[in-house]
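Trainee: Could you build all of it, start to finish, from the sequences and the hints given here?
First to last, the sequence lines map onto chains G, E and V.
Be aware that the first sequence starts at 0, since it is given in numbering that gives the first Met the number 0, and climbs by one per residue.
Be aware that the second sequence starts at 0, since it is given in numbering that gives the first Met the number 0, and climbs by one per residue.
Be aware that the third sequence starts at 0, since it is given in numbering that gives the first Met the number 0, and climbs by one per residue.
FYI, nobody ran anything at the bench for these hints, they're computed from the structure.
Fair warning: this is a prediction, and the values are worked out from it, not measured in the lab.
C-beta: ideal position from N, C-alpha, C; glycine also.
It is possible that part of the hints are untrue.
Claimed, not checked - Quick list of simulated restraints, FRET-style, between CB atoms:
1. E/Thr77 x G/Pro88: 43 to 53 Å
2. V/Pro119 x G/Gly460: 50 to 60 Å
3. V/Glu128 x E/Ser248: 49 to 59 Å
4. G/Glu73 x V/Pro119: 57 to 67 Å
5. E/Asp33 x V/Gly33: 25 to 35 Å
6. G/Ser471 x V/Gly82: 54 to 64 Å
7. G/Gly304 x E/Thr31: 37 to 47 Å
8. G/Lys7 x V/Glu13: 55 to 65 Å
9. V/Asn84 x E/His251: 45 to 55 Å
10. E/Thr31 x G/Asp16: 47 to 57 Å
Claimed, not checked - If we take Cβ atoms under 7 Å as the criterion, some of the chain G residues that face chain V in the derived model are:
11. His33
12. Ser38
13. Gly282
To be verified - Residues of chain E clear of chain V, computed beta-carbon distances all greater than 12 Å:
14. Gln154
15. Leu205
16. Glu223
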Amino acid sequence: MNSVEFRKELFAEERADNLSEIGRPTVRQDILGHVTGRSAYYDDHLFDGLLHMRCVRSPHHHARIRSVDFSAAERMEGVRRIVGPADVPKNLNTLLSLINFGKEDEPLLSERKTSYRGEPVLAVIADTERQARGGGPRRARGSVANGDRRRRPPAAAVRVDWEPLPHVLDVEEALAPGAPTVNETYPGNAFEYHGRYDHQKLRFGDVDKGFSEADRIVEGRYRMSPIEQAPIETCGAIAAPETGDRYVCYTSTQALFFSLSTTAKLLDTASSRLHFVGGTVGGGFGGKVDSIVEPMAVLGAMLTGRPVKFMWDREEEMQVGAPRGAELWIIKDGVAADGRILARSFTGYFDSGAYTRLSSYAVVKSTGHLPGPYTIPNVASNVFCVFTNRTPATAMRGFGITGVDYAIECQMDRVAEAVGMNPVELRILNAYRDGDMKAHRRVAKNTALIECCQVAAQKAGWQLSPDALRQSSKEGGGGRRSAIPETATDQVGRIGERRRSQLPAEPLAGPGPRGRVPAGTAGPATEAAPPQRPDMAMDWEREKSPAAALPEPARPSISPPPRIPASGISAASASAASPQAAEAPYAPKAPFSRGVSKPGVSRFLSGTRRR
Amino acid sequence: MAKRKGRGFACINYPIGMNLGGDPSQALVHSTPDGKFMVSLSSIDLGQGMKSVTRQIAAEALGVPVADVYVDTADSDTGPHCMGSFASRGTHRVGNAVIRAATEARAQLLEAAAEELEVDAADLDTDGQGNIHVKGAPSRSITVADTAVAAQFRQGRTVSGRGIFLIPPSEANPETGEMTPVSCFAHGAIVVDLEVDEETGEVEVLELNSAYEVGRALNPKLVEQQLVGGAWMGISHALYETTEPYYPSREHGPVDFNSYLMPGPGDLAPHHIAVIERPAEDAPFGGKGPGEMCANPVIPAVANAIYNAVGVRCDELPITPERILRGIRANGGAQPGGVRR
Amino acid sequence: MPKTPVSFNLNGVETSLFVDGGQNLLDALRRGVGDLTPKFGCNQGTCGACTVLINGRPLLSCLVLASSAEGDSIVTAAGLADGPNLHPLQRAFMDGFAAQCGYCTPGMLLAAKALLDRNPNPAREDVAEAISGNLCRCTGYAPIIEAILAAAEVMRRSSRT
Numbered sequence: 000m001n002s003v004e005f006r007k008e009l010f011a012e013e014r015a016d017n018l019s020e021i022g023r024p025t026v027r028q029d030i031l032g033h034v035t036g037r038s039a040y041y042d043d044h045l046f047d048g049l050l051h052m053r054c055v056r057s058p059h060h061h062a063r064i065r066s067v068d069f070s071a072a073e074r075m076e077g078v079r080r081i082v083g084p085a086d087v088p089k090n091l092n093t094l095l096s097l098i099n100f101g102k103e104d105e106p107l108l109s110e111r112k113t114s115y116r117g118e119p120v121l122a123v124i125a126d127t128e129r130q131a132r133g134g135g136p137r138r139a140r141g142s143v144a145n146g147d148r149r150r151r152p153p154a155a156a157v158r159v160d161w162e163p164l165p166h167v168l169d170v171e172e173a174l175a176p177g178a179p180t181v182n183e184t185y186p187g188n189a190f191e192y193h194g195r196y197d198h199q200k201l202r203f204g205d206v207d208k209g210f211s212e213a214d215r216i217v218e219g220r221y222r223m224s225p226i227e228q229a230p231i232e233t234c235g236a237i238a239a240p241e242t243g244d245r246y247v248c249y250t251s252t253q254a255l256f257f258s259l260s261t262t263a264k265l266l267d268t269a270s271s272r273l274h275f276v277g278g279t280v281g282g283g284f285g286g287k288v289d290s291i292v293e294p295m296a297v298l299g300a301m302l303t304g305r306p307v308k309f310m311w312d313r314e315e316e317m318q319v320g321a322p323r324g325a326e327l328w329i330i331k332d333g334v335a336a337d338g339r340i341l342a343r344s345f346t347g348y349f350d351s352g353a354y355t356r357l358s359s360y361a362v363v364k365s366t367g368h369l370p371g372p373y374t375i376p377n378v379a380s381n382v383f384c385v386f387t388n389r390t391p392a393t394a395m396r397g398f399g400i401t402g403v404d405y406a407i408e409c410q411m412d413r414v415a416e417a418v419g420m421n422p423v424e425l426r427i428l429n430a431y432r433d434g435d436m437k438a439h440r441r442v443a444k445n446t447a448l449i450e451c452c453q454v455a456a457q458k459a460g461w462q463l464s465p466d467a468l469r470q471s472s473k474e475g476g477g478g479r480r481s482a483i484p485e486t487a488t489d490q491v492g493r494i495g496e497r498r499r500s501q502l503p504a505e506p507l508a509g510p511g512p513r514g515r516v517p518a519g520t521a522g523p524a525t526e527a528a529p530p531q532r533p534d535m536a537m538d539w540e541r542e543k544s545p546a547a548a549l550p551e552p553a554r555p556s557i558s559p560p561p562r563i564p565a566s567g568i569s570a571a572s573a574s575a576a577s578p579q580a581a582e583a584p585y586a587p588k589a590p591f592s593r594g595v596s597k598p599g600v601s602r603f604l605s606g607t608r609r610r
Numbered sequence: 000m001a002k003r004k005g006r007g008f009a010c011i012n013y014p015i016g017m018n019l020g021g022d023p024s025q026a027l028v029h030s031t032p033d034g035k036f037m038v039s040l041s042s043i044d045l046g047q048g049m050k051s052v053t054r055q056i057a058a059e060a061l062g063v064p065v066a067d068v069y070v071d072t073a074d075s076d077t078g079p080h081c082m083g084s085f086a087s088r089g090t091h092r093v094g095n096a097v098i099r100a101a102t103e104a105r106a107q108l109l110e111a112a113a114e115e116l117e118v119d120a121a122d123l124d125t126d127g128q129g130n131i132h133v134k135g136a137p138s139r140s141i142t143v144a145d146t147a148v149a150a151q152f153r154q155g156r157t158v159s160g161r162g163i164f165l166i167p168p169s170e171a172n173p174e175t176g177e178m179t180p181v182s183c184f185a186h187g188a189i190v191v192d193l194e195v196d197e198e199t200g201e202v203e204v205l206e207l208n209s210a211y212e213v214g215r216a217l218n219p220k221l222v223e224q225q226l227v228g229g230a231w232m233g234i235s236h237a238l239y240e241t242t243e244p245y246y247p248s249r250e251h252g253p254v255d256f257n258s259y260l261m262p263g264p265g266d267l268a269p270h271h272i273a274v275i276e277r278p279a280e281d282a283p284f285g286g287k288g289p290g291e292m293c294a295n296p297v298i299p300a301v302a303n304a305i306y307n308a309v310g311v312r313c314d315e316l317p318i319t320p321e322r323i324l325r326g327i328r329a330n331g332g333a334q335p336g337g338v339r340r
Numbered sequence: 000m001p002k003t004p005v006s007f008n009l010n011g012v013e014t015s016l017f018v019d020g021g022q023n024l025l026d027a028l029r030r031g032v033g034d035l036t037p038k039f040g041c042n043q044g045t046c047g048a049c050t051v052l053i054n055g056r057p058l059l060s061c062l063v064l065a066s067s068a069e070g071d072s073i074v075t076a077a078g079l080a081d082g083p084n085l086h087p088l089q090r091a092f093m094d095g096f097a098a099q100c101g102y103c104t105p106g107m108l109l110a111a112k113a114l115l116d117r118n119p120n121p122a123r124e125d126v127a128e129a130i131s132g133n134l135c136r137c138t139g140y141a142p143i144i145e146a147i148l149a150a151a152e153v154m155r156r157s158s159r160t
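Mentor: Have a look at this one:
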């Protein structure tokens, strides 16, 4: 019922389809293991004397912990160890400290207060999974979700004296003055960017000027609720003492060294004492990056000297395992009567939940993605990473992009309706093309949006005008479209400011000084580090017949390629951007790879196979 | 009361790899005594096919058959560092690291063969079938297996390689947001045809027609797996899934698959896919990761199709029957929306 | 904790073990016997990853008390292949790229086997219905349905010859 076709004729001149193994439908290396059931996932490692770990979790959105009494739980049958915050050597972390981004803001087990329903405060290690559950407050189905104390059996063995605190669940309310502070590391309930603002800014051109020139203003407000990654294998890890004073950890992680390094940090131990094994994972979709089960399991193994499994059940996976966070996007477009979008402004909110995890990163990633795959001369955005009293959010397939793409593409249909245009043709009209300047001040290359639009419409039998069908990603870009305009800036939203007085969230609104960044201001693009030694650089010559070697400039060199400033606009010096340079045609900055021929060069020159 | 048909469109691009770089991956390649190759990674195969795609990349770069290559993922004692499987970075970052490691191993292989054949290594080539021969003189050859034996048992050479790929970390500008997010983008566009029951608010997706640009389909079947499965997930995200159905309220959260909904095998619509390949200059053989982007255009295309069918703007995800019915009621009835097509 | 002896036939082999009172068959098979092919996905009876055949019927082993399996004939994915020769369903899943992460695959194969054992010539709708209790998060189901239909055809052809 499905069908797949390969449109080899498109971009054929940039591609040499002459490879031996690449491009073949080779069966998966792991498939025999999968169909025989023998692929070994983390839980498929058996240990004698395996202990089981379960967490005691907060039933409140936001609560202070007055006291914890686990003496009864300790005496229960099968219970080996109660693990508390004091057992965690370094009980504060932020995931992205591994790339030096953000402040430590999340404990592994919380000691003084909890900031979301389901936040762990203790762990119980017992001989069986059932005994470990019994050691904690027994939960009727759905009680974590509903927080209803009456539905918990009275036999809950760990007694926590909670003092519920006011909570905030809505991102806009969380930023308002007087909102309860969710996360003491960020008292303004927003991640702090560059030590300066409570949001990440994007400024390109002057949206207010664009709006004033527009024939229509189109506005939209789009919200995406949290989504569970829902891999069929739940998150988990089994840790055990290994010979040589080390610990082995079988894990479902999506990022082996990320989890290993996080574990070493939280447990204050040398990474060389940790041996992590994984790599065959029952689905992830972003939900297995957070590195919580690994330090917990290894800590359990350290404290008991026994193998310990810490595995989320399905309810935990859905309610305390981090989902794709909710997002709220507000878009304002200024549109010319002919459908050209002249200005687009965004206000975006990522609901990070109680802690940062990875949402701070998603904010910057989404900022780099704006205004979507379109060339718009004036773009501005303010994007916030907001803390609320809910389960922390994390990555999921399309992280940072899915929510805003939903918003942008619904908005594009609103624009199409406002100007009475075919929605596919509207996209082709505004699509980015090779050589265009993007709002993050780098030149577009290797684009293919127009072709995708044309082919999808054609497959569905959706009629496009001859003009729309004539368009190409390789033509019509660059030139004036590669220019970086003079840009309006503001300094609204300095850290702490929004706490003291109500400030508008949208770009270029609110009090404070305004600035102008001169036209043409852009630094150099960051390029991949070259191969460290010559013999790690592929022998490109063997892809070509000796008589038809490419001209010298197209040959890969092992030294970094010369930095050709993006479409001729010189680095960081606005005034130096001459109109002539801005007209330079698109040229690839790095040599093309093996099997990839240079645009404009015949594939027959570059593509003869070595045999 | 009737079922109303609607058609929606959306298109997207998707950044390949971790935003702002700083996410290295490494690979090690070594020959067994008889000339088979082991690729050691700490990268994760969570179903996307990491083992399979890096195996094909290694075979291509080494110049040996894919059957002679085996990829081992994720033992921190043997696999060198990899940032992880996320951000559509696996094919791009790990693939490039594998190319470099395989290339170094290949150079050593050819040096060993050159010594056996008493020629210059630069004059040698592989045939992709397990043989090494003198360029232009195919009869003057030695097998990869014999070369590996000679290298390790007679010449005292390793046949191994190391590779790392890194886009160095950079920052976003606080005032303008200027940055180098990534080095290449994948693309996609989709047309969704569906039917909305104006009485129940239920949506039935009837057909998907899509075009995805993936750089190069390194393994066309693995690409197909991602695109078909990803589009399914996109429909699921558009119409079914959430952990907080009344967000920002935390009530009524699902705790099992009876309450966390997804389309089942009886809810599928035919999906007709066109794959477009425009190789990216710094990607392994031009291939971009198709795994994440494929779900993205589906969601807004479904929303736009529902508006087209019944005139309800779907500004909140997921687009449940309840939200559609409330929208129809607020509009005073179902009216086709959007530009007639 | 008192243990109960239980004996059943597992993939053609008489198997006996002691189980705990409340232990489910999934746990008994995995930790008691060491057959790791049934997978833990939810322990709630909602995902199908732990599907096994009990006396030919596809059942969720997480919802079956191990002590109730006395005398039963149980087939898991470990019992599908005939030695090194794959079952046609396994072959079809392999050739049809019907698995990605592979975690739902053992349960999916057994749900499909139960269908083909009772209906060698299923319609697409029959296949969809038969696997509707088995969740897959990766494939979007279409390749799985195709693979099961392909296997059915192979099995019909080989039974004719």
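Trainee: So, against the hints stated earlier in the document, which numbers end up violated here?
Mentor: Violated hints: 1, 2, 3, 10 and 16; rest satisfied.
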